[in-house]
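Asker: Listed here are the chains, written in short residue letters.
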Amino acid sequence: MFKEKVKTSIIVILIINLFFLTYQAWFKSGILGSDWPYFSFSDLPFMRVFQRNSFVSVPKENLSKPRKIVVNDGELWVPYYNSDEAFDKLNENTSIVLKALFEGKVEEEKRINYAEWLNLLTEPSVYVEYPIAVEPRMLALVLNTSFERLPSEIGIISDAIIIPEGEQSVYVALKDANTSEAYRFLVKSEDIAFPEEVLAMYTNKYRRDGYYEFAFSTLLGEGLGENSVKVADLVLFSDNESTYRDIYASNPMEGKGHSGILKSFSFNPKPLRYYSDGYGADNYVENYATVTIFPDGYIEYSAVDSDKGIDLGEYGDNEYEILNRAIDFAEKVWASVSDEPLAVLVSGIENTEAGNRFVLDYYYGGREIAVEVSKEGRESLYHAIEIETEGNKIVSYRQYLRSYKEAHSATMQENFMLALDYFVTHFSGTENSTITDLYPGYFDSGENSNVLRTTWLCEINNLEQRYPKK
Amino acid sequence: MKKTIISVLLVFVFIMTASLSVFAHPSTVADGSQGTVSNLITIKKPDTASTSTVKTTYSITGVGNEGVSVCIYTYNGSSFVPQKNSDGTIATYKIGSSGVFYRQISLKDGENRICVRAEASDGSYQLSYLTITVVNSSVMSDINSFSLNMQSKLNGWLN
Chain P
1 MFKEKVKTSI IVILIINLFF LTYQAWFKSG ILGSDWPYFS FSDLPFMRVF
51 QRNSFVSVPK ENLSKPRKIV VNDGELWVPY YNSDEAFDKL NENTSIVLKA
101 LFEGKVEEEK RINYAEWLNL LTEPSVYVEY PIAVEPRMLA LVLNTSFERL
151 PSEIGIISDA IIIPEGEQSV YVALKDANTS EAYRFLVKSE DIAFPEEVLA
201 MYTNKYRRDG YYEFAFSTLL GEGLGENSVK VADLVLFSDN ESTYRDIYAS
251 NPMEGKGHSG ILKSFSFNPK PLRYYSDGYG ADNYVENYAT VTIFPDGYIE
301 YSAVDSDKGI DLGEYGDNEY EILNRAIDFA EKVWASVSDE PLAVLVSGIE
351 NTEAGNRFVL DYYYGGREIA VEVSKEGRES LYHAIEIETE GNKIVSYRQY
401 LRSYKEAHSA TMQENFMLAL DYFVTHFSGT ENSTITDLYP GYFDSGENSN
451 VLRTTWLCEI NNLEQRYPKK
Chain H
1 MKKTIISVLL VFVFIMTASL SVFAHPSTVA DGSQGTVSNL ITIKKPDTAS
51 TSTVKTTYSI TGVGNEGVSV CIYTYNGSSF VPQKNSDGTI ATYKIGSSGV
101 FYRQISLKDG ENRICVRAEA SDGSYQLSYL TITVVNSSVM SDINSFSLNM
151 QSKLNGWLN
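Respectively, the protein sequence lines represent chains P and H.
With my numbering, the residue at position 111 of the first sequence is 111, and numbering never jumps.
With my numbering, the residue at position 21 of the second sequence is 21, and numbering never jumps.
Honestly, the hints are just simulated from the structure, not real lab data.
A virtual CB, placed ideally from N, CA and C, is assigned to each residue, including glycine.
Don't take each hint at face value.
Stated by the list, open to error - Calculated Cβ distances over 10 Å to all of chain P for the following chain H residues: (1) Ser38; (2) Asn39; (3) Ser59; (4) Tyr75; (5) Lys84; (6) Asp87; (7) Gly99; (8) Val100; (9) Asn112; (10) Arg113; (11) Ser121.
What the hints assert, rightly or not - Subject to a maximum C-alpha distance of 27 Å in a straight line, what follows is the list of computed DSSO-like cross-link-like pairs (lysine-lysine): (12) Lys94/H / Lys470/P; (13) Lys230/P / Lys110/P; (14) Lys44/H / Lys230/P; (15) Lys108/H / Lys44/H; (16) Lys332/P / Lys270/P; (17) Lys469/P / Lys230/P; (18) Lys230/P / Lys45/H; (19) Lys469/P / Lys94/H; (20) Lys60/P / Lys332/P; (21) Lys60/P / Lys270/P; (22) Lys405/P / Lys60/P; (23) Lys230/P / Lys470/P; (24) Lys188/P / Lys230/P; (25) Lys405/P / Lys470/P; (26) Lys94/H / Lys230/P.
For reference, chain H alone in the conformation it holds in the complex (with noise of 0.2 Å):
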């Protein structure tokens, strides 16, 4: 009976390890490093390796099987670290049966650096770099240093 009990736990924490165990997205990806396949999920946006944008907030797309799981990571001048939840989890997203990922993430002025990190079940991985460049950030206004004159522009919307 005892070796029973025993060997029902043992199977159930092994299940709850493996589980665990799948999509595990490592807390630091190195510079240079390279996946285990390239066939994971193909990037849409952006549609090239380089590009520039003037928009601070942007959006990471695109297509994968059902069952991948996404992870975006940010360079953090020595190595990419991954997005985090707010409770302080690694951030993944797995793709669903429209096969599509979409992630938005922040950029700061400047040359981004990012990595998307695509993982199968059977733990293969992909490794995608991107360099995203911020060129001028400055297009919003700052509401409070509307100066007075500018009143009587918006007259009509803020009263």
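Pulled out of the complex, with its shape left as it was, chain P reads as follows (with noise of 0.2 Å):
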């Protein structure tokens, strides 16, 4: 009887684990890793429907993290970017300390200068970089928190230092993005759990592919010696030789009508009048308003009269929900000739005379990719979408359309001095230059292989655009 009894479990829990490993295999194929090669109901194109409605909007989400997060532990600097290992836990406890900050929980505030604030990363601290310089006030609103107050002359800000302190309290210094006018504030809140041995944690354990340096650590000087070409200070060198995978990427577009296109421009794809031009574009005309489509995936939208636009609808006095609606507007175009979420994030953000312009680049694993569409017949575009508002309106929209997945080769990452002397050689019959970043990315003009490699990708006076090394 026992032993009956004994059988009769063992094949229940058989039955509920076969039940189990199947699901683990179809749904989620994550049961042998995601090199599963076999058949998954998540990979028909009717599960996709189901699948989209559970996506996040990826450049919302992205508009709250940083672009960087450099942890120092008292010896190593270590860089994290978006996508990394760990990335997403260090952001969510960076962020709590930023937001008890904008609430006011402020006990000490001390005014310090630029040299006393690059002092603090050589502690044992963490560094968080923004992609974009916004008012402060701005940041609390995308960080979904309130703003109580900081001192006038922080502006506008695209970092900050985080240093532990003790229980519950941590060191923020900022610095005004334009004028390096500085702050320290101590920071307390029961939220706030930033204890200093979790700095080492995040140097040694996820990341051990070597050293990282701010240039001002270097002591060579903004002006490198004799050049004309200068390292701004927060420049990262770094001795490594790291491999990165290669990618592929492929227009969305391609083998599609232009129909879902046309439908998320409010165009009428039926009775439309169109011409194609010498260019292999075809040109779309309806409503006071132009949509030429390129064959590489190069589209382009343009109102006539501001008036003529595209409704975005009212936003109030909130400015940071027309940019919320343009990346809506953006997600509605991509999703017409896409399943995946539109990876991309904000990387310049403007007041033009009329309205706003926004660029938004993509990025794949954590890199970001320079985009660079530059051909006959069509303005250049060194980013993924380019985005011009006047008003409640768009009036302009341009978007490279490009699809990006891991590729089954890896490329060694050039050391990093060989890619500081090529920017130097290539700036340097330009005056005032400063290269203001230097990181490893993807450069896409689409004119080469569609597998690309890791290169390197350099900013120049803080401005959006992105130099590859070529």
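Two chains, two frames, some hints: make the complex.
Answerer: Okay, structure coming up:
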């Protein structure tokens, strides 16, 4: 009798296990890791319809994420980029600190000079850098918290330093991105858990591929000797030779008609007037606007008059909302050609005379992809998406439609110093050039091979365009 | 015809040998030896010949003319030996158009004697001696030794 019961129990366990493993293999593809090569229901097109509902808006989520977080345990500086392992956990904890600061949980406030601000980076600390410089009030909004006050000298910020201080308290150092006026705040909140020990955990446990160093710490000086090209204090030097996965680029519009895209611009695809020009582009005209679609995935929308643009609805006095609406629109355009989420980050916000200009860039695996579409018959585009608004209307929209996935090959990243030499030579004829960032990424001009290999991307004078090492 | 081929081969061998002889940093540098020149590079970090640090990974930086080859030697008790690449060859760095060099080295606790050897294409070379003392390298915490009560301190990071 007892034997029978044991046998029955074992069979029941095995059957439950069978169901569980089948579910994992078919729906999660996780049982054998991401390389599970066989059938999965999640790959079926109709399943994607259900999956899409669960997608969060990647660009909106990225608005609140730093571009990089650099951890210093007192000995090592280790950078983490969006999508790196442990980035989200770091971001979560740094966001708690910044929220507490914006909410006014400040016990002490001290004005410091720029040299003192830099020196804080040599202590055990976490450096947080956002992709764009914004007003603190706007950053508070993006982080979904209230904004009490900060000294008026801190008008626009793009980074912060967090220094562990004690139980539930940290120092936060902010500087104005334009004037370098700086302050150090003692922030205390019961939500804060920022012990110094955790920093060594992040430099040791998660990343062992080398040592990084801020330019100011190399003592080379801004001018690198007698060079006309300068290097900003916060450029990260390294001596590492890391290998990164190549990525495969494709045009998601390939083999598809234009009706989906046209509908996203509120064009009726049926009675449209259109003509093909000498560059292979199809030009559609309707309602005081034109949509031009090039075969390589470059699309362009232009309203003839600012009143005739794409209506984003009323957004009240919340200036952050117009960006959100513009992102919503970009996602709508993207959804007309791809089932994947739109993996872009906002890399530029500019107030123009008539309204706003937003630029967004693709990224893959935490690394940015610099885009360059510079061909005859169209205006050059150096970003994935460029949107211009006037009032509550989009008057210009340009995008280079590209999908990326991991390739089977990998490439060794060229040494940092070779990249530095390249960009110093490249910009030596340009007056007042300062390299403000230099980091690994990808470059997609659509002209070479579809397999993109890791390269270096350079930012000059804090401007939005990224220059690739070609 | 034979003579021409032999001449071409000889010229080829000569060129190859000459290019190999350029920047041939020696396998050892005797303690106290002097270079032939002193103007090839200027070391920026460390900013003094003798310095101390708490870090066991340290960068040596400097400026120099484009094309100058730099190699870093560490003292082994009797002479200076060069840093090696993973394949066993001597690790050298050729200064590029930025006019700077940047090399990372690993230090041991206590006194570390370093020799930076810079060599120009004409064979002239400069030797710069540095002493870097690691005063305390125990700042790194051993993650594995975290005790249970540390878990509460790390609450919010490990989950």
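Asker: Hint by hint, say whether it matches the structure.
Answerer: Each hint, compared with the structure:
no.: 1; hint: Ser38; verdict: holds, 17 Å
no.: 2; hint: Asn39; verdict: holds, 13 Å
no.: 3; hint: Ser59; verdict: violated, 6 Å
no.: 4; hint: Tyr75; verdict: holds, 21 Å
no.: 5; hint: Lys84; verdict: holds, 14 Å
no.: 6; hint: Asp87; verdict: holds, 12 Å
no.: 7; hint: Gly99; verdict: violated, 4 Å
no.: 8; hint: Val100; verdict: violated, 5 Å
no.: 9; hint: Asn112; verdict: holds, 15 Å
no.: 10; hint: Arg113; verdict: holds, 20 Å
no.: 11; hint: Ser121; verdict: holds, 17 Å
no.: 12; hint: Lys94/H / Lys470/P; verdict: holds, 21 Å
no.: 13; hint: Lys230/P / Lys110/P; verdict: violated, 30 Å
no.: 14; hint: Lys44/H / Lys230/P; verdict: holds, 16 Å
no.: 15; hint: Lys108/H / Lys44/H; verdict: holds, 21 Å
no.: 16; hint: Lys332/P / Lys270/P; verdict: holds, 20 Å
no.: 17; hint: Lys469/P / Lys230/P; verdict: holds, 17 Å
no.: 18; hint: Lys230/P / Lys45/H; verdict: holds, 18 Å
no.: 19; hint: Lys469/P / Lys94/H; verdict: holds, 19 Å
no.: 20; hint: Lys60/P / Lys332/P; verdict: holds, 14 Å
no.: 21; hint: Lys60/P / Lys270/P; verdict: violated, 33 Å
no.: 22; hint: Lys405/P / Lys60/P; verdict: holds, 21 Å
no.: 23; hint: Lys230/P / Lys470/P; verdict: holds, 20 Å
no.: 24; hint: Lys188/P / Lys230/P; verdict: violated, 38 Å
no.: 25; hint: Lys405/P / Lys470/P; verdict: holds, 21 Å
no.: 26; hint: Lys94/H / Lys230/P; verdict: holds, 20 Å
Of the numbered hints listed earlier, those contradicted by the structure are 3, 7, 8, 13, 21 and 24.
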